[in-house]
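For chain B, the structure is supplied; the task is to place chain L on it using the hints.
Chains as they are written, first to last, in the numbering used here: chain B, 1 to 230; chain L, 231 to 313.
Some clues are possibly wrong.
[To be verified] Cβ-Cβ distance ranges computed for the label pairs, FRET-style:
(1) L:Arg310 x B:Arg3: 48 to 56 Å
(2) L:Glu279 x B:Arg3: 23 to 31 Å
(3) L:Glu283 x B:Ile111: 41 to 49 Å
[As the list claims (entries may be wrong)] Covered stretches of chain B (chain L as the covering partner; in silico rule of three or more C-beta atoms under 8 Å from a C-beta of chain L):
(4) 142 to 151
(5) 178 to 190
Hint data in this document are derived by calculation from the structure and do not stem from the laboratory.
The structure displayed is predicted, hence computed values, not measured ones.
C-beta atoms are modelled at their ideal positions from N, C-alpha and C, and glycine is treated no differently.
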Amino acid sequence: MTRIGVVIFPGSNCEYDAASAMTELGATADFVWHTETDLSGYDGVILPGGFAHGDYLRPGALARFSPVMAAIADFAAAGGRVLGICNGFQVLTEAGLLPGALQKNKGLTFISGPTPLVVTSTKSVLTRNATLGQRLVIPINHFSGAYTCDDATFESLIAGDQIILRYEANPNGSRDDIAGIANATGNVVGLMPHPERAMSTLLGSADGRVLLEGFLGLSLVGGARDPGSL
Amino acid sequence: MIFPLVVDVTLRSGIADPEGATIERALPALGFAGVSHVRAGRTFRFDVEAPDEAAAMELAGALAHRLLSNPVIEDATVRRGES
Numbered sequence: 001m002t003r004i005g006v007v008i009f010p011g012s013n014c015e016y017d018a019a020s021a022m023t024e025l026g027a028t029a030d031f032v033w034h035t036e037t038d039l040s041g042y043d044g045v046i047l048p049g050g051f052a053h054g055d056y057l058r059p060g061a062l063a064r065f066s067p068v069m070a071a072i073a074d075f076a077a078a079g080g081r082v083l084g085i086c087n088g089f090q091v092l093t094e095a096g097l098l099p100g101a102l103q104k105n106k107g108l109t110f111i112s113g114p115t116p117l118v119v120t121s122t123k124s125v126l127t128r129n130a131t132l133g134q135r136l137v138i139p140i141n142h143f144s145g146a147y148t149c150d151d152a153t154f155e156s157l158i159a160g161d162q163i164i165l166r167y168e169a170n171p172n173g174s175r176d177d178i179a180g181i182a183n184a185t186g187n188v189v190g191l192m193p194h195p196e197r198a199m200s201t202l203l204g205s206a207d208g209r210v211l212l213e214g215f216l217g218l219s220l221v222g223g224a225r226d227p228g229s230l
Numbered sequence: 231m232i233f234p235l236v237v238d239v240t241l242r243s244g245i246a247d248p249e250g251a252t253i254e255r256a257l258p259a260l261g262f263a264g265v266s267h268v269r270a271g272r273t274f275r276f277d278v279e280a281p282d283e284a285a286a287m288e289l290a291g292a293l294a295h296r297l298l299s300n301p302v303i304e305d306a307t308v309r310r311g312e313s
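Isolated chain B (complex conformation) (with noise of 0.2 Å):
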């Protein structure tokens, strides 16, 4: 069985969400404290949304240096499944495991509400089972998810295919309508929606699952496919 660690750093509140959406597709989820230096055994990891460290100075400024960190970077570099999901998504572009930053909302104020999106590459472990141009409407709830880059670093996103979501209508200036971006090699994601809040349309929408679906490595027609391949 697929096994999923989900990190709780101090002030993380998404863990729950993000564990139960886990289990609901057939995984099997572990919180692992911020402290823990140990993921083997994990199949990939989560983290999750909140406010880590409080978000004091920056959002993921303290939770960079969380000694999960390395292990979660050594993980990555191994080809490990990582996604990074609001809070999550800025600790790891903190962290350095992905490009940019993520920076106040234009217009400054914390934005939270069902989102359509757009999957603009299918060159990830998170929207590997999508299709290009599919339209997914996805919750967002945040103060600081402006995505912002320098411009070779957007040309290099550009080039490697790694703009996974766009937003449809841009709802805070993230440069170029960016929601999600992955690493070269397409195992490290990071996005500002939550599709773990996007389980089932009695509660508004299910459109996470393909998402989330993809990040287990579950094939469309259910059983297992490879996970390590793209």
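Leaving out everything else, chain L in the frame of chain B:
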């Protein structure tokens, strides 16, 4: 010796500054005319114990770039503080 130092962190030029822009837009309504190019930033003050000022400045520069600022979007400068 103890050296009081100050680190100023500001957004790099070319990086959008929604906070500075909002402050700038508010100024005319408050009667402040002729103010432009407002950039918001943060200041950190601390004391460093080091053998000399150069060593203190070097340590402060390292921590300013490693922790206090995100080099992707921010510049950090170190200067002397008041004791």
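Violated constraints from the hint list, given by number and in increasing order: 2, 5
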